[in-house]
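Since chain A is already given, all that's left is putting chain B on it; use the hints.
In order, the protein sequences belong to chains A and B. Take 1 as the starting number for the first sequence in UniProt numbering and just add one per residue. Take 1 as the starting number for the second sequence in UniProt numbering and just add one per residue.
Treat the hints as calculated values from the structure; they're not laboratory data. Cβ atoms here follow ideal geometry from the backbone N, Cα and C, with glycine treated the same way. A couple of the hints might just be wrong.
Said to hold, decoys possible - With a Cα cut of at most 27 Å, we get these calculated DSS-like pairs of lysine-lysine:
no., chain 1, residue 1, chain 2, residue 2
1, A, 363, A, 261
2, A, 231, A, 380
3, A, 21, B, 388
4, B, 441, A, 380
5, B, 16, A, 88
6, B, 392, A, 21
7, B, 292, B, 277
8, A, 18, A, 58
9, B, 292, A, 82
10, A, 82, A, 231
11, A, 82, B, 42
12, A, 204, B, 372
13, A, 363, B, 432
14, A, 71, B, 441
15, B, 292, A, 182
16, B, 363, A, 21
17, A, 422, B, 94
18, B, 392, A, 422
19, A, 380, A, 363
20, A, 163, A, 42
21, B, 163, B, 266
22, B, 90, A, 88
23, A, 88, B, 213
24, B, 97, A, 81
25, A, 454, B, 286
26, A, 82, B, 266
27, B, 266, B, 372
28, A, 380, B, 90
29, B, 205, B, 13
30, A, 29, A, 18
31, B, 432, B, 90
32, A, 261, A, 375
33, A, 352, A, 271
34, B, 30, B, 16
35, B, 163, B, 30
36, B, 363, A, 88
To be verified - Far from chain B, by Cβ distances over 12 Å, these chain A residues were calculated:
no., residue
37, 150
38, 173
39, 206
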Amino acid sequence: MELVELEELLNEVRQTFKSGKTRCFSWRKRQLEGILEFLHDKEQDIFSALKQDLGKHKVEAFRDEVGILIKSVNYALSNLKKWMASQKVRMPWAFFPSSAEVLPEPLGVVLIFSSWNFPIGLALEPLIGAISAGNVMVLKTAELAPASSDLIANVLPLYLDNKAIKIIQGGQFVGEQLLDCKWDKIFFTGSERVGRIVMTKAAKHLTPVILELGGKCPAIVDTLSNLRDLKVAVRRIVGGKWGPCCGQACIGVDYLLVEDKFAPILIDLLKTTIKRFYVESDNISRIVNKQHFQRLCDLLNESSVRDSIAFGGSSDYETLKVEPTILVNPPLESLLMTEEIFGPLLPIITVKKIEDSIEFISKRPKPLAIYAFTKNEHLKQRIIAETSSGSITFNDTMVQYACDALPFGGVGLSGFGKYHGKFSFDAFSHGKAVLRRSFLIEFVCRYPPWNDMKLHFMRCLYRFDYIGLLLMWLGLKRE
Amino acid sequence: MEELGQKVSFDSKRAKEMVNELRGSFEEGKTMGYEWRVEQLKAILRMINEREADFMAALHSNLSKPYFESFLHEISLVRASCSLFLKQLKHWMKPVKVPAAITTYPSTAHIVSEPLGVVLVILTWNYSFMLSLEPVIGAIAAGNAVVLKPSEVAPATSAIFAKIFPEYVDNSCIRVVEGAIHETTALLEQRWDKIFYTGNSRVAKIIMTAAAKNLTPVILELGGKSPVVVDPDCDLKIVAKRIVVGKWGCNNGQACVSPDYIITTKSFAPQLVDALKSTLEGFYGKDPQQSKDLSRIVNSEHFGRLTRLLDEDRVYDNVVHGGQRDEKQLFIAPTIVLDAPLDSLIMTEEIFGPLLPITTVNKVEDSFSVIKSRPKPLSAYLFTKNKKLEEKFAMTISAGGILINDTTLQVTNPDLPFGGVGESGFGSYHGKFSFDAFSHKKGVLSRGFGGETPARYPPYTPWKQALLRDLINGSIITLILALLGWPWRE
Chain A
1 MELVELEELL
11 NEVRQTFKSG
21 KTRCFSWRKR
31 QLEGILEFLH
41 DKEQDIFSAL
51 KQDLGKHKVE
61 AFRDEVGILI
71 KSVNYALSNL
81 KKWMASQKVR
91 MPWAFFPSSA
101 EVLPEPLGVV
111 LIFSSWNFPI
121 GLALEPLIGA
131 ISAGNVMVLK
141 TAELAPASSD
151 LIANVLPLYL
161 DNKAIKIIQG
171 GQFVGEQLLD
181 CKWDKIFFTG
191 SERVGRIVMT
201 KAAKHLTPVI
211 LELGGKCPAI
221 VDTLSNLRDL
231 KVAVRRIVGG
241 KWGPCCGQAC
251 IGVDYLLVED
261 KFAPILIDLL
271 KTTIKRFYVE
281 SDNISRIVNK
291 QHFQRLCDLL
301 NESSVRDSIA
311 FGGSSDYETL
321 KVEPTILVNP
331 PLESLLMTEE
341 IFGPLLPIIT
351 VKKIEDSIEF
361 ISKRPKPLAI
371 YAFTKNEHLK
381 QRIIAETSSG
391 SITFNDTMVQ
401 YACDALPFGG
411 VGLSGFGKYH
421 GKFSFDAFSH
431 GKAVLRRSFL
441 IEFVCRYPPW
451 NDMKLHFMRC
461 LYRFDYIGLL
471 LMWLGLKRE
Chain B
1 MEELGQKVSF
11 DSKRAKEMVN
21 ELRGSFEEGK
31 TMGYEWRVEQ
41 LKAILRMINE
51 READFMAALH
61 SNLSKPYFES
71 FLHEISLVRA
81 SCSLFLKQLK
91 HWMKPVKVPA
101 AITTYPSTAH
111 IVSEPLGVVL
121 VILTWNYSFM
131 LSLEPVIGAI
141 AAGNAVVLKP
151 SEVAPATSAI
161 FAKIFPEYVD
171 NSCIRVVEGA
181 IHETTALLEQ
191 RWDKIFYTGN
201 SRVAKIIMTA
211 AAKNLTPVIL
221 ELGGKSPVVV
231 DPDCDLKIVA
241 KRIVVGKWGC
251 NNGQACVSPD
261 YIITTKSFAP
271 QLVDALKSTL
281 EGFYGKDPQQ
291 SKDLSRIVNS
301 EHFGRLTRLL
311 DEDRVYDNVV
321 HGGQRDEKQL
331 FIAPTIVLDA
341 PLDSLIMTEE
351 IFGPLLPITT
361 VNKVEDSFSV
371 IKSRPKPLSA
381 YLFTKNKKLE
391 EKFAMTISAG
401 GILINDTTLQ
411 VTNPDLPFGG
421 VGESGFGSYH
431 GKFSFDAFSH
441 KKGVLSRGFG
451 GETPARYPPY
461 TPWKQALLRD
471 LINGSIITLI
481 LALLGWPWRE
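The shape of chain B in the complex, shown without the other chains:
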């Protein structure tokens, strides 16, 4: 067992012991019952309510995340999620009756949701609270034993999870493992029944390769460059606000669903840039470094990465707003770049920071081919009043999710599946999708000893083949004959 607050080496041997213990708990049936699941969910809700201040402080410590953002994007969403699960779980756990085929009449068919077993959730740093608990809630609700591995890049939340979480949940079935590459590798050497990973594609490949050894299914929630297309036919003031809050109001651009870059027409770009500038000033003041409403860059490594994107030749010259930085404070000002070359790093890598490139095209429809020529993103946004353009966008742009006339809100609706496609990942979660993500849907077909047709058995005759043909095609008359035992002799 991990010693809380003590540095104990977590190697493959300890990982194996831990997994064996959890598997033992699972096999005993501890996590199966509705009562246990509800107890854990209620405990998590209680934890959020009682320790809100501790978590908010940790989030602030990691990223200087404004309290408002922590509340809005993390605490509230998880609280809402817990409440939803508590309300719906009984219903979700029930077997679902489905039509049985005429071919198997008389019979009944059900789909039963059962837990997978012992699952591993590897978490990321940018929404270290929400992105940690959301999949964990799903895994617990589905009746699994869970191990969480918080991100070492968000050390304050990782430490607080390791300390607080065990005080509320059943430690014989739910564990937190802190650490970095060494600990993650030790975990990945074990056999899991599912692995859920949020993060980047480089690490995702390592995880999926490790999972393949044990044929472990995975869900990968990755990122990508989420484009925002701005049609001149829009309400510019509102558009600017929704883009700014979606970009810089979400962890200062360090969010997988944050607008990554904008595409608009050459003629509209100047107005858009002006609107964004004035909105930025309205939100963050003339000196954004003084604003309390902007997160910081998570660490110096990412700071270095972002400055490299900005300082590339032909990019820095195209900065039309911002560009200031303060390495000590890990601060980069909200920055807008106009028409950076399409092959520059800022236009090919996921930015994950407060830099917003704008690419211009001749007409707004040209933006479609720009997006389609790139890897599929997690989200794609369009601002327009033109219904036809809206339809075309929704139908032809492939992305995890599409949002028209706003940004980032898709994560707040638990009835929508949240997940990527192509390079942005696979599998989805949120709401019932989380429950399903961590369940095995088992088909149960129940027959009696009646309805026996000798046609299925050898010795085979042409008669039998004809009968089978009709039966498989659902012929009622043949079914009746079959039920009567026709043909009576083989």
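One chain only, chain A, in its complex shape:
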């Protein structure tokens, strides 16, 4: 993109914001409805694009992207008026008469970076928040998902106000050009490495950022004696590992922790479930491109890692498919166990007792999600208290993403800032404190020249010692 073009584009959205149009409830509602119409009208096109980019089956595409977005837009539409309203705040009696409130206002011009693994979902979810909060925005689509990127850049604008919402395609160079401009907020979903670049560039303009990064999300599997529970747990693990984009998901299960004794039973059940789920090859996505395919092969081919493969391990360069692979106790210092896998390889680490998994996790960088399958309430409490992560889900995987009342975001190296539901609205708003006083009732003691009597008055005031104040006023109290 030419620099001149970019400047013109930015000027246009800035002017739109200045006009005040995006502050109205009706404008925001219209844009959200526009997104809903896009999702309904173009559902088949969305499925085709995701199939083309990532080999996603349409059920997966609906479950993880389209369906979630529909839910999010409807949730925003139902709650928008409430979110936009100011919140009254109490004022101490000492300031009578006065009133205070917190008034949400849009930040202005925001920049959103999408990600390739959920190229529709991760583009539109933050867009919903930015629109709800009344901003104008520029969305940069993910170049590694070209069909989805084209769809969003060419078709979505037909449903939205193009003077307020701009969609830009492009790669690293375009990203850098965008980052050199001044924004009121930057929302980034992606890797740690690029997250650092985004924040460093944002620092030049003191732009606040939200970074939704990743990490190695562990799933602790306690010994489950009830076979039915175990089968449910395994289905949820398999569904949570290979279901979302073939493991290429920031909250996908990265590795498992299980007791030595229980591991064989778990592994057997994982194998049979994988075979049952993925009998059709089109029910699992493929790796996004050759570079990531190679990266995953390299993880597998590191010395001693290959020896730990217990299931799968094969891959096809032509179709960019990597088989669901289970590894048991690969070396902890291998790249497989130190880097975020973001693919269909599932290491299983065995521990002597399940409580040891708490220390294992807390010694490592904080992940975006921790999963734990257990009925042991004491273990659950320990996990909550002794580990830190973006979120914790007990006895399931991935579903926290669908819960609008829970903040979605990381901590430590998994990022900072949060969104979903009202958190999205807040992420793109400034809560402005508004305090109103009147000209009645003056506290002359605030004003110089100051003396001990005035000081004593203020002491009483700060302690809300109204009796003391009254007595002073009546001349009955001296310091």
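What follows is chain B alone, placed relative to chain A:
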């Protein structure tokens, strides 16, 4: 460990050792418990009560701050803050139950507040006591280990903090590091879980760039030019008092929320100037240099900066009150400038001192475009009796906070978030906002093994897609079917 009272070189190696030690304490869980947090807060309260005189003397030494101001703006506010925290902390620490989605039924959802870890609070010089302790109280209450770096520009408070604070708080988790650029750089090279900075935008950029290396979130409390719009339809006597006390009664204008400049109508300006002059005389006497109620400029560097603002061409000629200065005493008289050019330094840079420019417009509504054409300030003030004007101001002027018919009071209400927007910074604190600023809000979703719907799993069929569609949209009937395990076969 820093040797109290001794000059020991604090470099990157020592910074790393210190952070490692604090991280060790944090990982041991020392700061997590309610009891520990309460103990630290009570200790801080005790420190304020027992050593009030020492702190007041230090504040006076830095800036010749009048005791009244030190008490009002610093000591009392922090004391009130500690008390609030002690009262509310248990409640704030509790997990909050939130509605879980129908899609995940049956399940329960909570938001748990947990500490971030080891945080760095870099302090500023103008309210060196209050602005130091307010974020530190928040960080401790949220269960973090904390390092404070007081400002070297307020050496007396910095020294007193370094000496007194460790006598009261748990040194294995809370430290004070004195110093200037060298020490701050050493600190910024370490990995923190959050950095809180109050100060100016130049240093803020350095801090945020350093924070980016470790993906450390930051809160930046910066400043800006806080405008005061004065509508002729107001109670002029009270307006003048509230402006004067907000400007010169707050560290002699050296406060981020101090009125920076006034905008009023051309016809009203003469009356406003007269009212301000007579109020100034009433507060500080005919010779303000003799008044004990005015702080001094913090150091000669800032004195030089302010005199440059004043002595610029076309500015000095427009002085309508004051302008006297005494470099030895670091004194500049309360000064009013009328209609300085809009591109002069005094009208483009944050003044942070006792100079008050007044800009005139034809009608009061024109002031809105003046404010909007400038970077967003930390505060914006309006004096008026006109409710419509009030509404328009509150709705359309973007600033950290807005105050109608008074100045600076927004910092005293702990239920209001205090923080900037745009160039005046981001993040907020005070009261519960401080607790939240230093916490991570962790979502915890708890399911059982029931409520299993095979529709989410492959092999995928059109049936499953239809079911998922309804389920995600929260259809109760579909939910019931799903709970019954429909479809029973995959």
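Tested hints:
This hinted pair checks out: residue 363/A and residue 261/A have alpha carbons roughly 23 Å apart, not beyond 27 Å. Straight-line distance between C-alpha atoms of residue 231/A and residue 380/A comes to about 20 Å, which keeps the hinted pair within the 27 Å bound. Taken as a hint, the residue 21/A and residue 388/B pair is honoured in the structure, with Cα atoms around 20 Å apart against an allowance of 27 Å. Proposed proximity of residue 441/B and residue 380/A is supported: the alpha carbons are some 17 Å apart, at most 27 Å.
In summary, the hint linking residue 16/B to residue 88/A is not supported, as the alpha carbons are separated by about 45 Å, beyond the 27 Å threshold. Among the hinted pairs, residue 392/B with residue 21/A is consistent with the structure: their alpha-carbon atoms are about 15 Å apart, no more than 27 Å. The suggested pairing of residue 292/B with residue 277/B holds, with an alpha-carbon distance near 18 Å, which does not exceed 27 Å. Of the pairs offered as hints, the one joining residue 18/A and residue 58/A is violated, with about 41 Å between alpha carbons and a cut-off of 27 Å exceeded.
Taken as a hint, the residue 292/B and residue 82/A pair is broken in the structure, with Cα atoms around 51 Å apart against an allowance of 27 Å. Between residue 82/A and residue 231/A the alpha-carbon distance is near 42 Å, which puts this suggested pair outside the 27 Å criterion. Taking the CA atoms of residue 82/A and residue 42/B, the gap is near 39 Å; set against the 27 Å cutoff, the hint is violated. Note on residue 204/A and residue 372/B: the hinted pairing holds, with a Cα-Cα distance of about 22 Å set against a maximum of 27 Å.
For the hint pairing residue 363/A with residue 432/B, the CA-to-CA distance comes to about 30 Å; that exceeds 27 Å, so the pair is violated. Of the pairs offered as hints, the one joining residue 71/A and residue 441/B holds, with about 23 Å between alpha carbons and a cut-off of 27 Å not exceeded. At roughly 45 Å between alpha-carbon atoms, residue 292/B and residue 182/A are farther apart than 27 Å, so this suggested pair is violated. The suggested pairing of residue 363/B with residue 21/A holds, with an alpha-carbon distance near 25 Å, which does not exceed 27 Å.
Of the supplied pair hints, the one linking residue 422/A and residue 94/B holds, its CA atoms being roughly 21 Å apart against a limit of 27 Å. Proximity of residue 392/B to residue 422/A is assessed by CA-CA distance (about 26 Å); at most 27 Å being required, the pair is judged to hold. Taking the CA atoms of residue 380/A and residue 363/A, the gap is about 18 Å. The hint holds against a cut of 27 Å. Between residue 163/A and residue 42/A the alpha-carbon distance is near 22 Å, which keeps this suggested pair within the 27 Å criterion.
This hinted pair does not check out: residue 163/B and residue 266/B have alpha carbons roughly 53 Å apart, beyond 27 Å. For the proposed pair residue 90/B and residue 88/A, the alpha carbon gap of about 24 Å is at most 27 Å, so the pair holds. Restraint check for residue 88/A and residue 213/B: not satisfied, since their Cα atoms lie roughly 39 Å apart, outside the 27 Å limit. Only pairs whose Cα atoms come within 27 Å are accepted, and residue 97/B paired with residue 81/A is accepted, the gap being roughly 23 Å.
Between residue 454/A and residue 286/B the alpha-carbon distance is near 22 Å, which keeps this suggested pair within the 27 Å criterion. Distance hint between residue 82/A and residue 266/B is unfulfilled; the C-alpha atoms sit about 41 Å from each other, more than 27 Å. The straight-line distance between the Cα atoms of residue 266/B and residue 372/B is roughly 20 Å, inside the 27 Å bound, and the hint therefore holds. Taking the CA atoms of residue 380/A and residue 90/B, the gap is near 22 Å; set against the 27 Å cutoff, the hint holds.
Straight-line distance between C-alpha atoms of residue 205/B and residue 13/B comes to about 24 Å, which keeps the hinted pair within the 27 Å bound. Under the criterion of a C-alpha separation no larger than 27 Å, the hint pairing residue 29/A with residue 18/A is consistent with the structure, at around 19 Å. Note on residue 432/B and residue 90/B: the hinted pairing holds, with a Cα-Cα distance of about 12 Å set against a maximum of 27 Å. A threshold of 27 Å between alpha carbons decides the hint, and for residue 261/A with residue 375/A the separation of about 18 Å falls inside it, so the pair holds.
A threshold of 27 Å between alpha carbons decides the hint, and for residue 352/A with residue 271/A the separation of about 23 Å falls inside it, so the pair holds. Between residue 30/B and residue 16/B the CA atoms are separated by roughly 20 Å; this keeps the pair inside 27 Å, and the hint holds. For the hint pairing residue 163/B with residue 30/B, the CA-to-CA distance comes to about 23 Å; that is within 27 Å, so the pair holds. Taken as a hint, the residue 363/B and residue 88/A pair is broken in the structure, with Cα atoms around 31 Å apart against an allowance of 27 Å.
Every Cβ of chain B is farther than 12 Å from the Cβ of residue 150/A; the closest lies at roughly 24 Å, confirming the non-interface assignment. Separation of residue 173/A from chain B is adequate, the least Cβ-Cβ distance of about 20 Å exceeding the 12 Å criterion. A cut-off of 12 Å between C-beta atoms contradicts the statement that residue 206/A is not in contact with chain B; the least separation is 6 Å.
Violated hints for the displayed structure, listed by number in ascending order: 5, 8, 9, 10, 11, 13, 15, 21, 23, 26, 36 and 39.
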